[in-house]
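Asks: Could you put together the complete structure from these sequences and hints?
Residue strings, one per chain:
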Amino acid sequence: MKKVSLIGLVLLLMLSLVLVGCSSTPATTQSKEPADLKAIKDRGVLKVGVKIDVPKFGYKDPKTNQIDGFEIDLARAIAKKILGDEKKIDLQAVTAKTRGPLLDSGEIDLVAATFTITEERKQTYNFSDPYFVDYVGLLVKKDAKIAGLKDLNGKKIGVAQSATSKKAIQEAADKLGIKVEFLEFATYPEIKAALDSGRVQCFSVDKSILFGYLDDSTVILPDNFTSQNYGLASKKGNDALAKLINDTVNEMKSNGELDKLITKWGLK
Amino acid sequence: MVGPFAGFKWLALFANWKVFAEGFLTTLLASSLSLCLALVLGIIFGVLGSTHFKFPKAINRVYVEFIQNTPLVIQVFFLFNGLPHMGIMLPVLAVGVLGVGIYHGAYIAEVIRAGIQSIHRGQMEAALSQGFNYVGAMRYIILPQAARVVLPPLANQAVNLIKNTSVMALIAGGDLMYRADSWSSETLHYGPTYVVVGLLYLSLCFPLANLVRYLEKRAEVSA
Chain S
1 MKKVSLIGLV
11 LLLMLSLVLV
21 GCSSTPATTQ
31 SKEPADLKAI
41 KDRGVLKVGV
51 KIDVPKFGYK
61 DPKTNQIDGF
71 EIDLARAIAK
81 KILGDEKKID
91 LQAVTAKTRG
101 PLLDSGEIDL
111 VAATFTITEE
121 RKQTYNFSDP
131 YFVDYVGLLV
141 KKDAKIAGLK
151 DLNGKKIGVA
161 QSATSKKAIQ
171 EAADKLGIKV
181 EFLEFATYPE
191 IKAALDSGRV
201 QCFSVDKSIL
211 FGYLDDSTVI
221 LPDNFTSQNY
231 GLASKKGNDA
241 LAKLINDTVN
251 EMKSNGELDK
261 LITKWGLK
Chain P
1 MVGPFAGFKW
11 LALFANWKVF
21 AEGFLTTLLA
31 SSLSLCLALV
41 LGIIFGVLGS
51 THFKFPKAIN
61 RVYVEFIQNT
71 PLVIQVFFLF
81 NGLPHMGIML
91 PVLAVGVLGV
101 GIYHGAYIAE
111 VIRAGIQSIH
121 RGQMEAALSQ
131 GFNYVGAMRY
141 IILPQAARVV
151 LPPLANQAVN
161 LIKNTSVMAL
171 IAGGDLMYRA
181 DSWSSETLHY
191 GPTYVVVGLL
201 YLSLCFPLAN
211 LVRYLEKRAE
221 VSA
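One line per chain: the protein sequences are S and P, in this order. Read in order, the letters of the first sequence are residues 1 to 268 in this note's numbering. Read in order, the letters of the second sequence are residues 1 to 223 in this note's numbering.
Don't read these hints as lab results, they were simulated from the structure. All C-beta atoms in this analysis are idealised placements derived from N, C-alpha and C, irrespective of residue type, glycine included. Each hint should be verified, as a subset may be incorrect.
[As the list claims (entries may be wrong)] When the alpha-carbon atoms are kept at most 27 Å apart in a straight line, the in silico DSS-like pairs for lysine-lysine are as follows: (1) S/179 <-> P/18; (2) P/18 <-> S/155; (3) S/97 <-> P/163; (4) S/47 <-> S/63; (5) S/32 <-> S/63; (6) S/60 <-> S/87; (7) S/175 <-> P/18; (8) P/18 <-> S/167; (9) S/122 <-> P/18; (10) P/57 <-> S/97; (11) P/18 <-> S/156.
[As the list claims (entries may be wrong)] From chain S, some residues computed to sit far from chain P (all C-beta separations above 10 Å): (12) 32; (13) 35; (14) 39; (15) 66; (16) 212; (17) 244; (18) 259.
Replies: Okay, structure coming up:
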């Protein structure tokens, strides 16, 4: 008997919390739809920032000039949710450097561009729950005879600006008690060029990205470092959009569509 | 609503001021070294270009045209990633100094050549007839006069040179622009970052730009 009343009390408490939560949201959401979603509907197209240099995620095929990939399919699903038509998307190429400013200026509504979720970044943008988990990996020259991170003592590692791989590798290196130096570049092809010329001995970004740069002379080491959770980012303030994006991601997770996409693009 | 210039971003920036101080020093070092290099190259090639002999003139043309008509970014990229394939691995600071120095050397060579050619032919003839050899006439008669003419455009080149050292950001050069790109893309606090870095470049270039104006005024008065 006591247990039942306790559960009842907890339920009551939760209900009141939900109610409080509801009452604090602006009243406008009840009467008509929120301004951020309305703006997209009025425009009739969802503007999405995607990568065009990451095979399987967002890649512009030079033969067909089409941008395609896992993240583009995700963006299409969001567009279908908002506009009822998955073709109503306007893709814009972004880099690590441009995706933030483009979101802030309203040039794009959301970013689906291998954007790793971190606590610090959550302060600045709305992130959805992760739709993909990746790990930081190491790409090295075959003839360099490097078998793991410990062989990179005193060596230089090329990483991408804004990538979280620098922190991940630094932590792992500290644990091993070795010293590594990081060179940051704006784009992945630049890191590959630096690896080829010997400026860096290792190319380290998320593994899914590394696969795009694997060739006959290079090899990806088996090591996995800190997991990278990719999230869909939108501007703070566009909270109805953020909620819709998050709901869509979670819905796709539960109904298996997300897994289907991951299989479709050969990411597992 | 979190704007690009939100308060906490400024606080984070000032807490990490050392990152930018290091970059500022690297930029200062690279600027001064490449300015020295550019001046030396500029004077040598400028004098070569103003002679009446065909061969030195041709050397001047090849250098100036080749450097002026290819992007600095490509030249620096070649020094950074191209030379190692030929077995030459220059330190990144040397790449920056050489790249920017050689680039502005070409522009300074043109400035110097124009300056020398602006001095009346009679000056050289008079110097030669007084027993100066060509080098002596240049050193004691022509260049001091040309210097007054070329100072304003020269200082202008120095301003451009400082700004162009930001090309080192492309090759992980550790300069101010590289630090700004790196820090702002890691934290996403790009708003305050580029404002502060812009102001730091301004603090380097503005005094020089003022010098240009002062020199121009002085040249006008004495001319």
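Asks: With reference to the structure, classify each hint as holding or not holding.
Replies: These are the hints, each one checked on the structure:
Pair hint residue 179 of chain S plus residue 18 of chain P holds up; C-alpha atoms about 21 Å apart against a cutoff of 27 Å. The straight-line distance between the Cα atoms of residue 18 of chain P and residue 155 of chain S is roughly 24 Å, inside the 27 Å bound, and the hint therefore holds. The straight-line distance between the Cα atoms of residue 97 of chain S and residue 163 of chain P is roughly 20 Å, inside the 27 Å bound, and the hint therefore holds. Of the pairs offered as hints, the one joining residue 47 of chain S and residue 63 of chain S holds, with about 24 Å between alpha carbons and a cut-off of 27 Å not exceeded.
As the CA atoms of residue 32 of chain S and residue 63 of chain S are separated by approximately 45 Å, the hinted pair breaks the 27 Å bound. The hinted pair formed by residue 60 of chain S and residue 87 of chain S meets the criterion: a straight-line CA distance of about 17 Å does not exceed 27 Å. Distance check on the hinted pair: residue 175 of chain S and residue 18 of chain P sit about 25 Å apart at the alpha-carbon level, within 27 Å; holds. Annotation: proposed proximity of residue 18 of chain P to residue 167 of chain S holds, straight-line Cα distance about 18 Å (limit 27 Å).
Restraint check for residue 122 of chain S and residue 18 of chain P: the C-alpha separation of about 25 Å stays at or below 27 Å, so the hint holds. Between residue 57 of chain P and residue 97 of chain S the alpha-carbon distance is near 45 Å, which puts this suggested pair outside the 27 Å criterion. About 22 Å separates the Cα atoms of residue 18 of chain P and residue 156 of chain S, which keeps this hinted pair within 27 Å; it holds. Residue placement check: residue 32 of chain S keeps its beta carbon more than 10 Å from all beta carbons of chain P (closest about 20 Å).
Listed as a non-interface residue, residue 35 of chain S keeps its Cβ farther than 10 Å from every Cβ of chain P; the least gap is roughly 12 Å. For residue 39 of chain S, the requirement that its beta carbon stay farther than 10 Å from each beta carbon of chain P is met, with the minimum near 15 Å. Separation of residue 66 of chain S from chain P is adequate, the least Cβ-Cβ distance of about 28 Å exceeding the 10 Å criterion. No beta-carbon of chain P comes within 10 Å of the beta-carbon of residue 212 of chain S; the shortest separation is about 19 Å.
No Cβ of chain P approaches the Cβ of residue 244 of chain S within 10 Å, the least distance being about 18 Å, so the stated non-interface status holds. A cut-off of 10 Å between C-beta atoms confirms that residue 259 of chain S is not in contact with chain P; the least separation is 30 Å.
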